[in-house]
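Novice: Starting from the known structure of chain A, arrange chains B, C, D, E and F on it as the hints suggest.
There are 6 protein chains.
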Amino acid sequence: MTVSHEILQILENTAVATISTVLRQKGFNRVALHGPRAVTEGQKRIAGPAFTMRFVPAREDMTTALAVNGPTSPRAVLEKIPAGAVVVVDAMGLRSAGVFGDIISARMQMRGVAGLVTDGAIRDLVGMKKLEWPIWADGTTAPPSPSEFFCADTEVAVACGGVTIFPGDIVVADDDGAIVVPAAMAEAVATEAYEKDRFEEWVYDQVKGGALLDGLYPPNDATKERYAKEKQ
Amino acid sequence: MTVSHEILQILENTAVATISTVLRQKGFNRVALHGPRAVTEGQKRIAGPAFTMRFVPAREDMTTALAVNGPTSPRAVLEKIPAGAVVVVDAMGLRSAGVFGDIISARMQMRGVAGLVTDGAIRDLVGMKKLEWPIWADGTTAPPSPSEFFCADTEVAVACGGVTIFPGDIVVADDDGAIVVPAAMAEAVATEAYEKDRFEEWVYDQVKGGALLDGLYPPNDATKERYAKEKQ
Amino acid sequence: MTVSHEILQILENTAVATISTVLRQKGFNRVALHGPRAVTEGQKRIAGPAFTMRFVPAREDMTTALAVNGPTSPRAVLEKIPAGAVVVVDAMGLRSAGVFGDIISARMQMRGVAGLVTDGAIRDLVGMKKLEWPIWADGTTAPPSPSEFFCADTEVAVACGGVTIFPGDIVVADDDGAIVVPAAMAEAVATEAYEKDRFEEWVYDQVKGGALLDGLYPPNDATKERYAKEKQ
Amino acid sequence: MTVSHEILQILENTAVATISTVLRQKGFNRVALHGPRAVTEGQKRIAGPAFTMRFVPAREDMTTALAVNGPTSPRAVLEKIPAGAVVVVDAMGLRSAGVFGDIISARMQMRGVAGLVTDGAIRDLVGMKKLEWPIWADGTTAPPSPSEFFCADTEVAVACGGVTIFPGDIVVADDDGAIVVPAAMAEAVATEAYEKDRFEEWVYDQVKGGALLDGLYPPNDATKERYAKEKQ
Amino acid sequence: MTVSHEILQILENTAVATISTVLRQKGFNRVALHGPRAVTEGQKRIAGPAFTMRFVPAREDMTTALAVNGPTSPRAVLEKIPAGAVVVVDAMGLRSAGVFGDIISARMQMRGVAGLVTDGAIRDLVGMKKLEWPIWADGTTAPPSPSEFFCADTEVAVACGGVTIFPGDIVVADDDGAIVVPAAMAEAVATEAYEKDRFEEWVYDQVKGGALLDGLYPPNDATKERYAKEKQ
Amino acid sequence: MTVSHEILQILENTAVATISTVLRQKGFNRVALHGPRAVTEGQKRIAGPAFTMRFVPAREDMTTALAVNGPTSPRAVLEKIPAGAVVVVDAMGLRSAGVFGDIISARMQMRGVAGLVTDGAIRDLVGMKKLEWPIWADGTTAPPSPSEFFCADTEVAVACGGVTIFPGDIVVADDDGAIVVPAAMAEAVATEAYEKDRFEEWVYDQVKGGALLDGLYPPNDATKERYAKEKQ
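Chains as they are written, first to last, in numbering that gives the first Met the number 0: chain A, 0 to 231; chain B, 0 to 231; chain C, 0 to 231; chain D, 0 to 231; chain E, 0 to 231; chain F, 0 to 231.
Excised from the complex, chain A in its bound form (with noise of 0.2 angstroms):
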């Protein structure tokens, strides 16, 4: 299932926090990320496909030259992830080592990846804010990849930050965290909560301007008929 560029758009402008209630009313609970955090507060608001890797710990019979180099290394693999796509890292939540340092990471950035969530830390602060390119994790760690963990499968359901993500399901995320939005259900949660987002601006300079919350927010049908010619 395909999302479309405009539904992306439509989302990469929409608030996560906005999103997490139009799903939550539409009896999604399970689909905020516990763990990955912006790396660079106020980096833009990404939304794409997720391309999910899903990393298993180290064993000393896998190798690092299997690890570095092998077919599901993350070498072999960015090659393969597709412009846009948000890159999902199922790290078990381990931050004993970083998932991937400011290489991989100016590459992935070179082929148009659009971002990096991942449940683990990341390595190379210094290179990987020199990027500018967002990243969620939970923290930065010196050691690498190879000495935790290794990448066992790509493009399968992972479990990320307590979350299921399938290939292709729809990741967004900014200053509030990372949510994954069921591919099936991307455009009805995009136009729903893209309005909601509107509202709530709106709503916001009200309060902000002295405006009670009774009858603003929520809005009754005198507020709704309010927002409605204002925002014509």
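Think of the hints as simulated: they come from the structure by calculation, not from any bench. These figures come from a predicted structure and were not determined experimentally. The reader is advised that the hints may include incorrect statements.
Remember, identical chains collapse to one label, so a pair may be satisfied in a single copy or spanning two.
Claimed, not checked - With a cut-off of at most 25 angstroms between alpha-carbon atoms, the simulated SDA-like pairs for lysine to any residue come out as follows:
id, residue 1, residue 2
1, Lys25, Gly69
2, Lys129, Val38
3, Lys129, Phe198
4, Lys128, Tyr193
5, Lys195, Leu212
6, Lys43, Gly209
7, Lys230, Leu130
8, Lys228, Gly167
9, Lys129, Lys230
10, Lys79, Ala187
11, Lys79, Val155
Specialist: Leaving out everything else, chains B, C, D, E and F in the frame of chain A:
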């Protein structure tokens, strides 16, 4: 028990670290909250009487409607919070939803509420920061409050960050975190801590100027005399 | 075993992430500290021999007087720390009190101590940052050290951030965290890691310029030759 | 809302695991307590209305005298607990002191209280076991209750083991743990779960006798018919 | 790679602790699972090829029907598990639902499956114990599997208890826990560990008889000679 | 400071829970160890002077040979432990390897060592239990000690289960856990706690016989008099 505006002013000009030391000298070790951190480093220190809110986990028979609009819902409660109060939310340390977002917070700010302290997370980070309203929380996340909890009670003793806070206790918070000053001790603590804080600033400058700690900190009589003279 | 100033200089100019990779290639996986993070992002990298302090939990028969002024108290100890040393405090990962505040730290800085690395927290964040003295810690908190622990020993093997550090081992720390280089390996690691670090910077630039990783990183002979030529 | 003795009897004869499945089928996922375990494996299953106690952390101005003898102290409260009730203690998951010891528990037992469920620990394990009074707790420890907490409220909504329990909700507990059945659902859940439990016992025997699961569990019409016949 | 029945028999007669020591001597430190414990102390040791199942978190669009009856559901999978296999369930360490209950387990037992190892919890403890089928899990809980997760894959590399297990690796488990022996090493490890285990039993008896450890353990030549003689 | 055999005998006949209460009344709250639990429920209570061992994390330049045979290795140390001592191992709470197995423990038992208390795990559970030697640990695991740590020091102040223990402090342990009685307080605590323990046993029987707590526990004068009379 009401604490005077003068005392609150003194506490607002006293480092939480120093208040912690003075409370410890008076036998109080269980007063510093673990979890809440300044959302914006360098945001202004606050001191005010606690207005407490006790959250409990969401349950499927607590409808969103009830959580969002019931008598203890944030919307219903916030118009009762007195200006100058510090809102203290016991979120049981759960960080999987935000206790408040930017709209509720904007309204609190408009009402003159001094700030928010919670052992949970907040949401809408961008909007929250735009308010320039001081918040201490344990992280940021996307899901809305009803996803994870609802407010069961207000103005009762709560456990926040491992510390018991009674309504009306004075909460002081700065870049080192938040602390509770039991209302009955506020006056004694304020004066002593303020003086100690001034002295420590002077010591800091002495040390930066090359002084040894011996005899200076803790001070011997000569140091005390010198400090008294210089401070005239 | 003393490590020369030249070696320390080289390490100070080498990324901790790269040192981690080189140590791993030499069979060392248990050398990166988990917990200590740079208190100020972008603070200068440090490299120096460890001066270790071992904290144990407070007990009611360890009076504050003894903890604050006894033979292993920070005040007594700090005048013995050699210039250039990195103070390593094993705080057992406890973050409920600050191991040091700004006055003790100011004195260490004045004595020429290179910096502080601890798996505990610090306090007096504002004063600490004003020092512009590099600190790696696991957070900030208000309570003073004697609330939670006291220094039982100095210059013994300690466990900090899950890693054993012997007095005199070299500790290097930057934005990716802190690592211990066993003293006996410092020379071998320094040279190799420095060279590798330079090479990786060159690779990073190549990738930013559009190069593929294949043959570049890890490098094949052609790449090695080209790098050698360009670096002349 | 009062739940009849008959319903409680049925629940007492129904596995908590099965009740959990039925509640889930009715849309309730946040009802199983995480933390409380049977202190003695094989102790009898209990089912009764919750009598809730809310503990908050000890603070130095809550004297032991007040904690031990005040109006919400266990001593004062326990004579008010009705026979048949399940005492639910929200200990905030703290296991560093025992919520109750053997003397308080003996008195509860004498009063006909059905049992104790807590996300904290107990103390006096030897005396506790001698009572043969069913207890679900998260471990055993030596320190007395006032070391760590005191009872702030009784008969309010509490959070125990991550679940909200209102006074009068039905708590059922066995070797698989404890669950809350909202009072309003007790009747519907009891009947359905009891029947399901009987059916699953029959299935278990079929499987032990060599049956395949296909068509048996979940059952097809033939299985249902056969079960109905055999159970006559 | 298939491991012979003889090798499995030898491993089944060798303590996991001793296998751990031998694997460590061969350079393998990441092979002991953290989390799974024997559900019944003293249950028989098992050794068999791993049949792996990978669970991921529940999501609201994974209907119970799919989780319970889909192609990777336990029901569908279990008829494919070969006799003698050890079922290894990667439950991501989540203990809020049981991976299996007594009915699924009874069927596995009937099929000749050697036992179950999981870093999650089980449910139906009473029925589970009645089976006398060996299980290693991280606790017991009431909720059914679909409450928290579903099986995404079988017979892939999994992370269980912090250790990577490939399908066909040999898993050995006893009262000290579970360990993975990479299939390629099973023969070498089995023989060496079995011999070491016998020797350690002999040492244990010597020590109980009053012998000192010096020269005995690790053994000097005299000890080795004496052991060889006695064991004839 | 040496504590007499008589005092140790009294402590050995006094519940740890009661000792905890008495220490608390004397101002000591940081004396109960969190983590160590009785390996065999009902094993005999022990009381003896602490012989402390301090473990630190394994590092690749600490060869197994050194860890196993060096001057602070268990083998070298154990012949120096005096009969009657309680061995206290600070394992930093790490449970990924066993601090000791059955052979080392058997030798300690033969030497008359009273028992073992550790915040780490043990291994060789079957052999350990066969010894019937009292052990308090935080679980069981397979890997041998050098996998994770080595002994850096003996007979120094250690942190075990969050509590500082000095060599020679008295450690008492039973089914409720382990506690440290500072050597200087042993006599005062022993007498008082023993008497209190006897009184509480009497209270327990009264309550089982139907008595109310009011006036009984804590006792009023009439109760004290009655107890004095009955105990003659």
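Novice: All hints, please: hold or fail.
Specialist: Taking the hints in turn, this is what the structure says about them:
1. Lys25 <-> Gly69: between (42 angstroms within a copy, 22 angstroms between copies)
2. Lys129 <-> Val38: The answer is both: 12 angstroms in one copy and 20 angstroms across copies each meet 25 angstroms.
3. Lys129 <-> Phe198: between (35 angstroms within a copy, 17 angstroms between copies)
4. Lys128 <-> Tyr193: between (29 angstroms within a copy, 21 angstroms between copies)
5. Lys195 <-> Leu212: For Lys195 and Leu212, the Cα distance is within 25 angstroms only inside one copy (16 angstroms; across copies 43 angstroms).
6. Lys43 <-> Gly209: between (30 angstroms within a copy, 23 angstroms between copies)
7. Lys230 <-> Leu130: Intra 38 angstroms, inter 23 angstroms, cutoff 25 angstroms: inter-copy only.
8. Lys228 <-> Gly167: neither (38 angstroms within a copy, 44 angstroms between copies)
9. Lys129 <-> Lys230: between (39 angstroms within a copy, 22 angstroms between copies)
10. Lys79 <-> Ala187: Answer is neither: 29 angstroms inside a copy and 38 angstroms across each miss the 25 angstroms cutoff.
11. Lys79 <-> Val155: So Lys79 and Val155 pass the 25 angstroms test inside a copy (14 angstroms) and across (22 angstroms) alike.
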